[in-house]
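A.B. asks: Each chain is listed here by its residues.
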Amino acid sequence: MELKLNPADAAFRDEVRAFMRDKLPAEIRHKVEIGLKLVKDDYVTWQRIVNAQGWMVPGWPVEFGGTGWSPIQRHIFNEEMALAGAPRIMPFGVAMVGPVIIAFGNDAQKQHYLPRILTTEDWWCQGYSEPGSGSDLASLKTRAVRDGEHYVVNGAKTWTSFAQYADMMFCLVRTSTEGKKQAGISFLLIDMHSPGVEVRPITTLDGGQEINDVFFDDVRVPVTNLVGEENKGWTYAKYLLGHERTWTADVGQSRNQLSRVRKIAAEELVDGRPLLDDPAFQLKIAEVEIDLLALEAVLLQVLAAEAAGNPPGPEASLLKLRGTEIQQTITELLFEAVGNYTHPFVGDALEAGWNEEPIGPDYAAAIAPRYFNWRKSSIYGGSNEIQKNIIAKAVLGL
Amino acid sequence: MELKLNPADAAFRDEVRAFMRDKLPAEIRHKVEIGLKLVKDDYVTWQRIVNAQGWMVPGWPVEFGGTGWSPIQRHIFNEEMALAGAPRIMPFGVAMVGPVIIAFGNDAQKQHYLPRILTTEDWWCQGYSEPGSGSDLASLKTRAVRDGEHYVVNGAKTWTSFAQYADMMFCLVRTSTEGKKQAGISFLLIDMHSPGVEVRPITTLDGGQEINDVFFDDVRVPVTNLVGEENKGWTYAKYLLGHERTWTADVGQSRNQLSRVRKIAAEELVDGRPLLDDPAFQLKIAEVEIDLLALEAVLLQVLAAEAAGNPPGPEASLLKLRGTEIQQTITELLFEAVGNYTHPFVGDALEAGWNEEPIGPDYAAAIAPRYFNWRKSSIYGGSNEIQKNIIAKAVLGL
Amino acid sequence: MDIALSEEQQLLKDSAERFIERDYSFDRRRQLVATEDGFSRDNWRRFAELGWLGLALPADHGGLDGSLVDTAVLMEALGRGLVVEPFLSSVLLAGGLLRHGGNADQQAALIPPLIKGGSLFAFAFTERQSRYNLADVETTARANGDGYVLNGAKGVVMRGASADKLIVSARVSGDSRDRAGISLFLVDGDAAGVSRRGYPTIDGLHGAEVALEGVAVSGDALLGPAGGAFPLIERVIDEASVAICAEAVGVMAVLVDATVDYLKTREQFGSPIGSFQVLQHRAVDMFNALELSRALVYRAAETIAASDDAANRARAASAAKVQIGRAGRLIGQQAIQLHGGMGMTDELSVSHYFKRLTMIGTLFGDADYHLKRYTALGNG
Amino acid sequence: MDIALSEEQQLLKDSAERFIERDYSFDRRRQLVATEDGFSRDNWRRFAELGWLGLALPADHGGLDGSLVDTAVLMEALGRGLVVEPFLSSVLLAGGLLRHGGNADQQAALIPPLIKGGSLFAFAFTERQSRYNLADVETTARANGDGYVLNGAKGVVMRGASADKLIVSARVSGDSRDRAGISLFLVDGDAAGVSRRGYPTIDGLHGAEVALEGVAVSGDALLGPAGGAFPLIERVIDEASVAICAEAVGVMAVLVDATVDYLKTREQFGSPIGSFQVLQHRAVDMFNALELSRALVYRAAETIAASDDAANRARAASAAKVQIGRAGRLIGQQAIQLHGGMGMTDELSVSHYFKRLTMIGTLFGDADYHLKRYTALGNG
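Chains as they are written, first to last, in the working numbering: chain D, 1 to 398; chain Y, 1 to 398; chain S, 1 to 380; chain P, 1 to 380.
Any given hint might turn out to be false.
Said to hold, decoys possible - In silico PhoX-like links for lysine-lysine, alpha-carbon gap of 20 Å or less: (1) S:Lys-264 with D:Lys-393; (2) Y:Lys-141 with Y:Lys-238; (3) D:Lys-141 with D:Lys-180; (4) Y:Lys-393 with P:Lys-264; (5) Y:Lys-393 with Y:Lys-180.
Unchecked claim - Computed footprint of chain Y on chain P, listed as stretches where at least three residues anywhere in the stretch have a Cβ under 8 Å from a Cβ of chain Y: (6) 254 to 265; (7) 289 to 300; (8) 360 to 374.
Simulated from the structure, these hints should not be mistaken for laboratory data. The beta-carbon is built from N, C-alpha and C at its ideal position, and this holds for glycine as well.
Taking the hints into account, I'd like the entire structure generated from these sequences.
C.D. replies: Dropping the structure here:
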């Protein structure tokens with residue numbers, strides 16, 4: 001059941017497809033396909049190619065670099081990028097802090113930061129979670145105390161993805177302890193190269209080191225780096241979460257992973273025949289495909305509403321919930337498809353520089369780590385239980 | 001994976017099997033197999049045959065008529081009875097009020113009521129739920145006020161299964177409004193033929209009329225009908241619930257229904273071949289079979305513990321939960337198997353006297369009603385959500 | 001999250017929802033179900049006046065030339081009312097067959113009375129052994145001069161007993177389950193050799209077993225290509241499948257609303273039961289299933305309305321049926337569970353919505369059947 | 001709900017649990033995993049002293065003649081400790097093959113050193129294409145005078161690199177996937193023509209790819225009937241499957257306990273998260289899955305221990321694998337989910353238990369494979 005595309009949209013799709021075919025470096029595509037680790041340079045290289053095309057920030061207002069695409073075009077773009085095996089555009093600048101700066105930042109902030117997001121001059125990271133705060137985000141304790149023209153920041157953030165690459169962090173800090181805990185939070189932009197910032201990697205169960213603890217020890221941040229008003233940061237953070245949840249639906253990525261399931265299942269044998277011919281396995285794939293069609297249909301509604309000026313509300317929690325459930329199901333299908341060769345685990349095998357012969361089929365090494373790693377998706381960005389709480393309260397009034 | 005039976009148990013099984021084959025009236029067996037409605041006389045007839053054999057109350061102490069069987073023998077008996085297509089022994093006397101009277105009743109009560117349960121002289125019903133009380137059983141409002149040598153009972157019970165057949169009700173009544181709501185409840189035996197008792201059928205979504213509202217209007221109940229102490233009824237009720245939950249696991253009944261799934265699937269065609277040959281349908285059956293093996297394994301543990309003097313505790317909630325989940329899954333398999341002929345619904349077709357030709361296959365008429373009716377099983381006897389609350393609190397300490 | 005509707009669609013939706021609210025109370029429906037016909041001919045004429053019967057039929061014959069999306073809008077509203085009038089059999093099935101397969105004479109003769117509410121149709125296509133396979137046809141049509149003689153038996157024909165005209169699938173050649181060799185015939189409900197045994201269905205509608213013994217029809221009773229009716233049947237059933245999925249969305253919406261309301265008002269342990277997190281999340285699961293279903297069903301309707309490719313249409317219909325089958329089970333079962341004992345009673349409307357939702361789940365093939373069909377159609 | 005154990009079994013359980021508690025802390029295990037062998041030879045000797053290595057081996061050769069239930073008791077305790085010593089490869093697999101298939105000379109020569117902890121074995125039976133089909137053997141054994149020459153490749157051989165002796169399945173006749181025509185051979189780990197590539201596995205153990213190029217073995221290297229080893233292989237894998245299911249029960253028990261503890265201590269929104277009903281019910285689902293799994297696994301062990309019928313044994317093993325696969329996924333995933341971000345870290349032991357549980361789920365065939373196998377075995 002393909003999307004019904006009008007001729008203009010079909011032409012657009014062909015244009016995007018051609019771009020991906022011609023401009024995505026083969027080496028990067030290969031890494032994504034096999035599931036090898038991407039390094040900072042891979043992301044930056046690709047993002048600059050996309051930016052050169054003018055497609056870096058489709059969702060932004062045109063005046064700041066947006067493309068003015070329709071919702072369906074934005075969706076086509078995301079889908080084609082994923083299907084082509086391109087790395088995802090890091091969301092921290094484009095999908096997270098960018099929209100917040102556009103909506104709540106001052107002119108100086110817009111002029112300084114937005115172009116640097118387009119060119120990936122700044123790599124951003126997100127400073128929300130703290131040790132101990134977990135799902136109760138508003139209980140955060142990192143303090144920012146005004147000292148002349150600076151805030152002095154002390155505290156710690158955790159689960160910070162890609163902090164090791166980051167130039168800047170958008171960070172929720174406590175500037176007041178009066179009133180409700182949500183009321184004393186501010187939204188601060190912190191230079192990660194400042195003295196007093198320390199990044200320590202956290203090794204995850206899959207052996208990965210993409211997330212970090214970040215410690216602040218008397219870090220001085222100019223007050224000009226405050227976004228919006230002091231103590232209003234919670235509002236901006238919630239605005240951002242709506243955008244994030246739309247982004248986490250990630251339909252294109254799931255469709256790409258499903259095609260990977262098909263490819264692997266075509267090579268894996270069961271009693272001498274391809275696993276892909278097994279009716280029970282086919283049904284499992286079909287089930288996910290249909291789930292994905294339904295999710296995509298809801299996503300298109302949300303994008304259309306957004307384009308009509310209605311930013312995603314609490315219903316967007318549905319996208320995060322179902323999106324991550326589907327992503328996790330696909331990691332299970334991949335795991336099942338690979339069978340015995342999920343066991344071997346040579347950490348270096350996922351590094352780009354590893355030159356030894358693969359153990360078992362070349363696609364096998366990344367599969368089990370991905371399954372384990374992807375358990376995070378129902379925890380981060382507001383756990384799936386929290387998403388249900390949000391819908392229960394804000395949509396159903398329970 | 002058959003149970004490993006020692007020679008004595010195997011001989012016992014053969015004995016029970018022969019009894020079922022020789023003594024179960026063909027007409028009753030036919031009704032059960034096709035899913036026709038059983039009337040009071042069917043139950044009474046069969047229970048008296050079982051009692052004549054001395055097998056009416058296997059779980060009771062031998063002095064009151066129990067058989068002294070081992071747990072495995074009791075399990076074999078239940079299973080063979082179900083597999084033979086015998087009506088279930090009504091639990092209200094044998095499995096519910098009987099054990100309470102044995103444990104907490106006085107000698108006069110034992111001497112009067114227990115033999116009448118064995119002979120089905122009294123048909124019992126359970127007066128627990130009330131309009132409005134739902135899962136919050138202890139909030140019950142039916143009052144019993146002492147007046148000389150009688151209690152005067154006013155109020156209403158609901159969801160009372162087979163009240164229309166009943167001679168006696170064991171009933172939770174409020175005798176005090178002081179202290180915790182659990183503290184003012186008494187356990188009273190009420191003659192259903194008393195003046196002031198009114199039974200009104202409730203039609204359920206499947207068209208059935210097995211459950212009732214029961215109203216009490218100044219019903220006079222002799223104080224000798226109080227079991228145990230006044231205001232201690234909650235303790236007896238909880239004791240009873242443990243027994244009830246073991247009973248609701250009903251492994252034999254589920255196994256019998258599974259064999260019905262197989263029989264029907266052998267007759268139903270898909271593209272000219274029996275549904276039973278369809279690999280996907282086979283897998284669904286196998287999945288339930290394995291679930292049932294696991295449940296049976298737990299049940300045997302509980303029965304063994306019971307035989308060793310440890311009555312079923314809160315863990316028995318697992319039996320109720322899984323037992324009813326499995327039962328409901330089987331009703332879904334039956335529904336799926338019958339396909340188009342789940343649509344026709346001729347209420348009279350389930351009555352024994354109906355002599356017209358069946359619409360579609362003769363096994364079809366009872367299938368959809370059963371599916372709809374069986375939704376009750378996760379609601380009654382303490383809803384499955386309540387069972388999880390019990391395990392969370394009493395077993396896991398949450 | 002709302003489906004983007006055109007102005008006309010919004011008007012249609014409003015008028016249908018207004019009708020349900022004002023004139024189609026659950027008590028009124030209960031009375032209708034208890035009548036012999038099982039529905040109201042007054043309502044049927046009302047539907048005709050409102051233009052609903054011709055919504056998706058050719059403008060040349062008095063219809064509105066609407067798309068499957070328009071039909072979905074109407075069906076969702078009818079689902080909200082648990083409407084029992086024979087829209088499916090007369091309009092979606094027979095109307096669809098006439099629209100896609102009738103010749104000019106047949107359309108001119110039959111569509112206007114259908115649109116005006118003057119005649120009722122039923123489509124007799126399933127047989128005892130056929131299950132959901134539309135090509136599994138054993139009823140035969142033997143050439144007889146210019147006409148045909150039909151022999152066989154059709155089962156679970158929705159509204160088969162009260163229909164003035166039946167459309168019957170029969171085999172003119174080939175083996176059982178061959179797609180080739182199937183024809184459709186227009187047969188008068190009271191033609192010689194037709195015997196019908198009507199009965200209520202468990203969801204408050206009516207079906208019939210139809211026996212055909214030497215039923216002679218003339219040559220112009222043939223509807224669609226001789227021996228080549230399978231693609232026509234498949235197309236119409238695919239469209240009708242999406243339409244009943246839209247009906248199911250309306251049914252689900254009522255169940256979700258009723259359940260959320262019940263959670264807010266019913267008290268247990270001193271609080272509304274909606275304060276219990278487990279029940280809150282259950283309600284969220286229901287809500288999400290509803291939203292996903294509605295979005296997918298409208299997408300499927302759009303796809304089918306715009307597609308000339310039978311496989312693409314089939315995938316869309318099967319995807320919708322899978323989604324509705326799964327979501328319907330979840331929503332229906334949980335609506336009952338969360339209503340507790342009350343949900344089990346015939347008295348409360350919830351149980352009737354549950355039954356209709358369940359039967360839509362199995363009508364034209366259950367979720368597992370359609371999942372297999374979707375798979376067999378390949379990756380489109 | 002406890003499994004009824006004999007006095008000896010209770011002693012075994014107590015001693016194994018005591019060892020785990022005193023001498024097998026998670027930090028200690030982490031150190032062992034980081035060593036080259038990936039386990040401790042001191043521990044291995046300790047196991048020998050405790051009688052564990054000979055638990056299920058013949059008393060004639062120094063063992064204790066224990067049943068599969070005894071093995072399950074021990075394995076559950078080892079699962080609690082996430083023990084990495086090569087019990088599976090040497091004792092369950094090689095020990096099982098020698099017990100059920102070795103001739104008197106082989107038993108006398110090989111079982112005593114195995115029991116004493118002096119030699120380590122590995123069983124090389126899977127191949128790149130074989131997946132879970134034990135008969136899918138393409139490695140060949142060609143007669144060569146009194147002996148044989150082996151050629152082929154074995155994959156994911158647990159403990160294949162550190163084993164002193166390999167037991168290798170090879171085809172002497174028939175086509176790929178024929179059950180007939182498979183033999184087993186004892187091959188020295190450092191025999192000419194054997195090359196082994198060892199690697200860590202994701203659950204902290206070690207596997208190896210083993211290539212066999214013209215490996216010559218003598219006639220007495222043949223283990224079990226020539227060309228008829230399939231039933232022997234199936235029996236031993238079925239027994240080992242139940243044994244690792246018992247290990248999984250131990251792993252699950254730790255995960256359930258750890259999660260319930262975490263729910264009681266971790267605070268969010270001002271309360272222990274265990275006060276949230278949704279998480280309570282999730283913990284109940286985990287607990288129930290654990291109890292059902294334990295009961296079924298011990299029942300399967302009893303069934304296999306008492307049965308001479310291969311199909312009955314196979315059904316028992318497959319039922320246990322299905323149950324453990326499903327329950328393991330639920331318990332593992334929810335343990336991580338309920339631990340939140342902490343569960344994702346390498347630092348917490350929970351993630352390691354999750355990984356081991358997951359890999360047991362796929363070892364010797366995942367739940368779906370065993371569900372199909374159970375079905376194919378028919379209704380016993």
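A.B. asks: Now tell me, hint by hint, if it's right for this structure.
C.D. replies: Hints versus structure:
Only pairs whose Cα atoms come within 20 Å are accepted, and Lys-264 (chain S) paired with Lys-393 (chain D) is accepted, the gap being roughly 12 Å. At most 20 Å may separate the alpha-carbon atoms for a hinted pair to count; Lys-141 (chain Y) and Lys-238 (chain Y) meet this at roughly 18 Å. Our distance criterion of 20 Å between C-alpha atoms is met by Lys-141 (chain D) and Lys-180 (chain D), whose separation comes to about 13 Å. Restraint check for Lys-393 (chain Y) and Lys-264 (chain P): the C-alpha separation of about 12 Å stays at or below 20 Å, so the hint holds.
Distance hint between Lys-393 (chain Y) and Lys-180 (chain Y) is fulfilled; the C-alpha atoms sit about 19 Å from each other, no more than 20 Å. Interface restraint, the region 254 to 265 of chain P with chain Y: holds (3 residues with C-beta to C-beta distance below 8 Å; minimum three). As drawn, the region 289 to 300 of chain P meets chain Y at 8 residues by the rule of a beta-carbon pair under 8 Å; at three or more, the given contact holds. With a threshold of 8 Å between beta carbons, the proposed coverage of the region 360 to 374 of chain P by chain Y holds, since 3 of its residues qualify and at least three are required.
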